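The residues making up each chain are set out below.
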Amino acid sequence: MTQHATPEEGANRMLRTARRLLAQGDAGDGPLQRQASVGRPVPVVGADGELDSWFVPVTVGDRLGGYFRFTAAGDYSSFSAFPRRGERFDDCPPAADWLDAGRIAARAEPLRRRGETAAPPFLSYDGTPERLAWAVSLTRPDGSTRVVYVSGTSAFTPRQDDSIG
Amino acid sequence: MPLPAVQIQRIAGLELNGLRAAEVLGEGFEGVSVPVRGTPIYDVNGEPLFHRLPLSRGRTRVGYVDIAVHEALGEPLLATSIGAAWNEQALVEQGRANAAKGRRGLSFDAVRFVAYSFPKLALQFLKNGAEVLMLELYTWAEVPQASLAGRRALEPSNFERWSLLDELPANERRSRAAGFNRRLALWEQPSLRRLDTTKVALETLRVRDFRLKLVDTREVHYSPRDADHVPCFELRGQHTNVWCVAASVEMVLNFYRYTYDQVRLAQELGLGTLANPNGLPYSRVGDVVTVMERLTSNALDVTMHVSPGWDVFRDEIRANRPLVSFIPGHSRSVAGYTRTLIALLNQIPFRGLLVYDPWPPATGVITRWENFATHTYQYAYSSVLRHV
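From first to last, the protein sequence lines stand for chains A and B. Just so we're aligned, residue 1 is where the first sequence starts under our numbering, counting upward by one. Just so we're aligned, residue 1 is where the second sequence starts under our numbering, counting upward by one.
None of these hints come from the bench; they were simulated from the model. Since we're looking at a predicted model, the values are computed, not measured. Ideal placement from N, C-alpha and C gives every residue a C-beta, glycine not left out. Fair warning: there could be bad hints in the mix.
Computed from the model, here is a short list of chain B residues facing chain A with C-beta under 10 Å [unchecked claim]:
1) Phe180
2) Leu274
3) Asn278
4) Gly279
5) Pro360
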């Protein structure tokens with residue numbers, strides 16, 4: 001599912017940092033501190049194949065409450081939280097939308113044209129690293145490829161212009 | 001007026017404990033001792049600049065801390081290090097040995113440390129108060145005499161002696177002196193008087209319930225009053241993968257109690273329809289201003305900032321006004337900021353933005369905090385309520 005192997009030591013360091021930030025209240029709030037689990041780091045890879053950063057999911061039950069971003073070097077970068085009401089996490093997206101390769105591949109399936117074969121998805125971004133999305137590379141019968149993206153419940157082809165969107 | 005040694009030790013202890021409490025200093029500093037006596041370091045003009053105090057753990061020297069004694073340095077804590085031990089006596093002995101090499105007739109009666117090109121250090125050998133030799137520390141190369149000819153103040157060449165105090169502009173000196181004295185006053189609080197500052201420990205300042213303001217943080221609330229305690233900004237996810245501008249504008253307009261959905265905003269901004277959406281071309285970034293003003297009947301006076309600096313975001317948030325912010329290819333809203341107020345010399349304090357990002361589509365996400373130093377901010381849109 002991922003293109004870059006996770007060096008165990010680096011991954012563990014990110015995990016420890018994420019857990020500490022959460023426990024200390026430097027990232028997330030009380031309900032997240034009390035209920036959340038920190039998942040394994042997932043590499044975020046640019047269209048050029050270069051490692052851009054790391055995505056460390058924070059889940060509560062079957063929901064994705066938020067995520068940490070670490071730099072490619074493994075340094076803490078930011079924490080992002082999905083909106084929710086109080087202690088309830090059911091407004092947050094299902095964790096599987098972001099972490100289950102099968103579900104992500106299935107979301108991309110309607111964008112696959114006849115004769116194209118889909119590679120396993122990898123975590124990437126649409127244009128700018130803030131626009132996190134899973135990328136699915138589709139190979140045409142003539143060997144040429146194109147990429148489609150899945151971000152949560154949204155599956156789309158990348159825009160061709162340089163607009164702001 | 002020169003500071004007595006015990007006061008220098010106390011300032012060093014308080015500064016280090018403050019940084020340790022904030023965890024700016026790591027575990028390597030836990031339990032180290034701060035001595036009374038340090039090494040005075042002089043400016044080239046002869047005035048004392050700072051003291052270098054060796055830090056130790058038990059009998060082992062483990063590092064040092066530089067504490068300013070001249071107010072022109074701006075803050076008491078200049079630098080600290082664990083790993084580079086400071087041994088004044090050994091350095092003087094090395095300096096003497098190197099001074100004797102090839103200088104048979106050299107005679108001196110005093111040796112002192114000089115910041116010959118701040119913060120680069122040298123040993124100055126004196127006879128009856130007059131310099132007879134100056135050797136750069138560690139390289140033991142002879143430091144040439146000063147010469148201002150052919151250069152402007154504060155622009156010395158690579159290996160040149162110059163006086164920080166003499167070359168610092170007067171207005172800069174005044175400003176730094178004010179900061180230095182504010183900092184000293186902070187450590188004069190009565191609650192700190194009985195504190196043991198001879199050791200560095202995580203809990204030293206925490207257990208005294210000392211509230212050192214380490215960060216300046218603010219986010220948009222119901223009003224600009226400090227007493228308001230409930231943040232007042234709502235995240236909107238973008239309805240399509242290219243409607244981040246519509247979603248960002250929606251968030252800011254919602255803050256001002258204007259309710260326009262993204263379909264309508266997309267129509268106004270020329271972003272197509274739900275079935276056939278498009279992004280905002282760069283040639284039309286000014287449309288955000290006209291659309292926001294039109295949709296509020298000019299109650300909002302909107303300004304577009306090109307390449308906005310930190311102050312634009314900080315000042316708007318302080319005035320309790322959220323912003324729309326464009327980074328390359330994407331738009332978000334900004335509703336808060338944080339910045340550290342304490343940092344070591346040569347370290348850039350952290351500055352972060354509270355970003356309400358409409359991405360991922362449909363949900364959006366709140367990032368607390370986005371490192372301002374690592375992002376490119378192309379445009380920002382501030383809005384001032386003129387009339388209702």
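Here is how each hint holds up against the structure:
With a least beta-carbon distance of about 31 Å to chain A, the hint placing Phe180 of chain B at the interface is violated under the 10 Å criterion. Proximity of Leu274 of chain B to chain A is violated relative to the hint, the smallest CB-CB distance being about 12 Å (cut-off 10 Å). For the restraint placing Asn278 of chain B at the interface with chain A, the shortest Cβ-Cβ distance is roughly 7 Å, inside the 10 Å limit, so the hint holds. Because the smallest distance between the Cβ of Gly279 of chain B and any Cβ of chain A comes to about 3 Å, under 10 Å, the interface hint for this residue holds.
Checking Pro360 of chain B against chain A by beta carbon gives a least distance of about 4 Å; that is within 10 Å, so the hint holds.
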